[in-house]
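Protein chains in written order, with the working numbering: chain U, 1 to 123; chain G, 1 to 123; chain A, 1 to 123; chain W, 1 to 123.
No wet-lab data here; the hints were simulated from the structure.
Treat the numbers as computed from the prediction; the structure is a model and nothing was measured.
Among the hints, erroneous ones may be present.
Residues from chain U that face chain W, not an exhaustive set, calculated with beta carbons under 8 Å [said to hold, decoys possible]:
hint, residue
1, Phe31
2, Lys35
3, Ala38
4, Leu39
5, Ala57
6, Val63
7, Ala119
Non-contacting residues of chain A with respect to chain G, defined by C-beta distances greater than 12 Å in every case (computed) [claimed, not checked]:
hint, residue
8, Lys35
9, Ala57
10, Val118
Glycine included, C-beta positions come from ideal geometry on N, C-alpha and C.
Spelled out from the first residue to the last, the chains are:
Number of protein chains: 4
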Amino acid sequence: MTDLVGAERRTLAELTEAVRDFGRERDWRQFHDPKSLALALVGEVGELAELLQWVPADRAAEVFADGERHTRMAEELADVLVYLVTLADVVGVDLTAAAFAKLEAARSKFPVAAFQGVAPLKA
Amino acid sequence: MTDLVGAERRTLAELTEAVRDFGRERDWRQFHDPKSLALALVGEVGELAELLQWVPADRAAEVFADGERHTRMAEELADVLVYLVTLADVVGVDLTAAAFAKLEAARSKFPVAAFQGVAPLKA
Amino acid sequence: MTDLVGAERRTLAELTEAVRDFGRERDWRQFHDPKSLALALVGEVGELAELLQWVPADRAAEVFADGERHTRMAEELADVLVYLVTLADVVGVDLTAAAFAKLEAARSKFPVAAFQGVAPLKA
Amino acid sequence: MTDLVGAERRTLAELTEAVRDFGRERDWRQFHDPKSLALALVGEVGELAELLQWVPADRAAEVFADGERHTRMAEELADVLVYLVTLADVVGVDLTAAAFAKLEAARSKFPVAAFQGVAPLKA
Chain U
1 MTDLVGAERR
11 TLAELTEAVR
21 DFGRERDWRQ
31 FHDPKSLALA
41 LVGEVGELAE
51 LLQWVPADRA
61 AEVFADGERH
71 TRMAEELADV
81 LVYLVTLADV
91 VGVDLTAAAF
101 AKLEAARSKF
111 PVAAFQGVAP
121 LKA
Chain G
1 MTDLVGAERR
11 TLAELTEAVR
21 DFGRERDWRQ
31 FHDPKSLALA
41 LVGEVGELAE
51 LLQWVPADRA
61 AEVFADGERH
71 TRMAEELADV
81 LVYLVTLADV
91 VGVDLTAAAF
101 AKLEAARSKF
111 PVAAFQGVAP
121 LKA
Chain A
1 MTDLVGAERR
11 TLAELTEAVR
21 DFGRERDWRQ
31 FHDPKSLALA
41 LVGEVGELAE
51 LLQWVPADRA
61 AEVFADGERH
71 TRMAEELADV
81 LVYLVTLADV
91 VGVDLTAAAF
101 AKLEAARSKF
111 PVAAFQGVAP
121 LKA
Chain W
1 MTDLVGAERR
11 TLAELTEAVR
21 DFGRERDWRQ
31 FHDPKSLALA
41 LVGEVGELAE
51 LLQWVPADRA
61 AEVFADGERH
71 TRMAEELADV
81 LVYLVTLADV
91 VGVDLTAAAF
101 AKLEAARSKF
111 PVAAFQGVAP
121 LKA
């Protein structure tokens with residue numbers, strides 16, 4: 001059984017291990033090819049989108065800050081993370097290292113002076 | 001500058017802090033309402049999907065195990081994580097704790113005996 | 001009431017008109033800004049992905065060819081189309097004309113001789 | 001070659017036929033299993049989301065009403081439709097009939113009197 005105390009101090013490597021055990025115990029690893037996991041991830045992102053869709057944009061942060069909607073939002077974000085971690089595991093990617101590296105690359109790509117208050121446009 | 005040594009031992013709380021600094025330095029936090037971040041997340045999930053779309057399902061794990069495609073996959077997974085962490089931060093969700101809690105709930109919902117080798121169907 | 005006889009001969013312009021009436025009657029047009037509609041579209045794409053996620057890739061066409069799963073697939077595809085049509089309407093895009101134009105552009109971009117049996121890779 | 005005159009009066013059945021020809025000429029139908037097509041659809045939805053992500057919600061309809069951004073939006077909407085039509089074709093769904101049927105079902109599910117100005121919440 002998982003010790004939930006201090007969960008916020010755990011790493012994604014620990015979450016990966018827990019997700020792997022969960023799949024192994026149920027013999028579900030056979031279903032976890034990258035394309036199936038990507039579709040499962042999309043399914044969870046879809047549920048996240050449904051939570052947000054009709055909420056006024058400028059009130060959304062506040063609406064999800066507490067109460068039942070906060071709980072639902074936490075669950076949907078968690079579902080996305082679980083499939084993201086599972087997919088990363090299947091293709092052998094260290095997700096935390098990759099994210100810090102990507103952030104470092106973004107520091108070079110978007111220098112503070114040139115992008116101050118300017119959202120980068122996708123062409 | 002971020003120390004990439006030992007990145008895999010870092011927590012999502014540390015990544016959240018780094019992402020927050022990155023946004024603050026560029027004054028980009030003003031764009032980060034939940035709906036905009038959800039759409040940005042969808043954009044990155046879309047790039048992940050494009051990487052996978054035409055690869056044969058039974059060879060995908062192998063195709064992305066190393067080389068250039070592994071690097072690209074790591075980058076796309078990282079992009080998804082960065083926006084997921086940013087969105088969780090904006091709505092005040094502890095993503096790691098939420099994921100461990102969701103996994104714990106899934107242990108009850110899908111008992112090992114009943115779901116051995118059986119993928120849960122979405123109704 | 002909609003006459004379902006001959007629905008397959010109707011155009012997207014007619015569907016757009018029906019969707020517009022549906023929204024007007026319920027005073028839902030106020031919720032239909034492009035970002036909200038894009039998130040609603042993502043929600044429906046997520047449900048489509050959930051239907052497909054654990055089905056073996058090489059059996060999926062057959063699995064959804066008839067029966068209950070065919071009906072569910074038809075409903076999810078329909079939901080995606082309805083939001084796509086609504087979004088196109090809000091930004092004033094003639095979806096059918098745009099699709100034929102895009103297909104025409106693709107004919108030039110992917111000449112038959114050079115792309116025979118070769119899936120175009122996303123870089 | 002496709003005649004673009006009067007494209008808006010064409011049906012999705014005609015678009016389906018054109019898309020099918022396009023795939024056949026390039027021998028691309030071999031890649032078009034439902035899961036791959038769903039991922040391709042997600043890729044295009046991602047590009048749509050990227051166009052919208054940082055635009056203020058209350059100005060988005062206006063921003064995409066004309067000019068270069070209107071053209072880009074039309075292209076992304078078209079890409080989504082083309083993959084949606086391809087997927088529907090592969091599983092044998094009449095997309096137009098399914099959409100009119102779904103709209104008819106929604107008329108019963110959301111009676112005008114009960115849902116006047118009230119966005120239906122996803123539970």
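- Task: Closer than 8 Å between Cβ atoms is the bar; does Phe31/U clear it against chain W? Give me holds or violated.
- Result: With a closest approach of 12 Å, the Phe31/U hint is violated.
- Query: Non-interface claim for Lys35/A: all C-beta distances to chain G beyond 12 Å?
  - Reply: 6 Å, violated
- Message: Is the interface hint satisfied for Lys35/U? The criterion is a beta-carbon contact with chain W at less than 8 Å.
- Response: 6 Å, holds
- Let me know if the C-beta of Val63/U comes in closer than 8 Å to any C-beta of chain W, holds or violated. 12 Å, violated
- Query: Does Leu39/U pass the interface hint, meaning its C-beta sits closer than 8 Å to a C-beta of chain W?
  - Reply: 6 Å, holds
- Agreement of hint Ala38/U with chain W interface, Cβ distance less than 8 Å: 6 Å, holds
- Item | Val118/A non-interfacial with respect to chain G [C-beta, more than 12 Å] | 10 Å, violated
- Report holds or violated for the interface hint on Ala119/U, using the least CB-CB distance to chain W and a cut-off of 8 Å. Since chain W brings a Cβ to about 4 Å from Ala119/U, closer than 8 Å, the hint holds.
- Whether Ala57/A stays farther than 12 Å from all C-beta atoms of chain G, as the label says: 4 Å, violated
- Message: Let's test the interface hint: is any C-beta of chain W closer than 8 Å to that of Ala57/U?
- Response: Ala57/U check passes; min Cβ-Cβ to chain W is 4 Å, inside 8 Å.
Of the numbered hints listed earlier, those contradicted by the structure are 1, 6, 8, 9 and 10.
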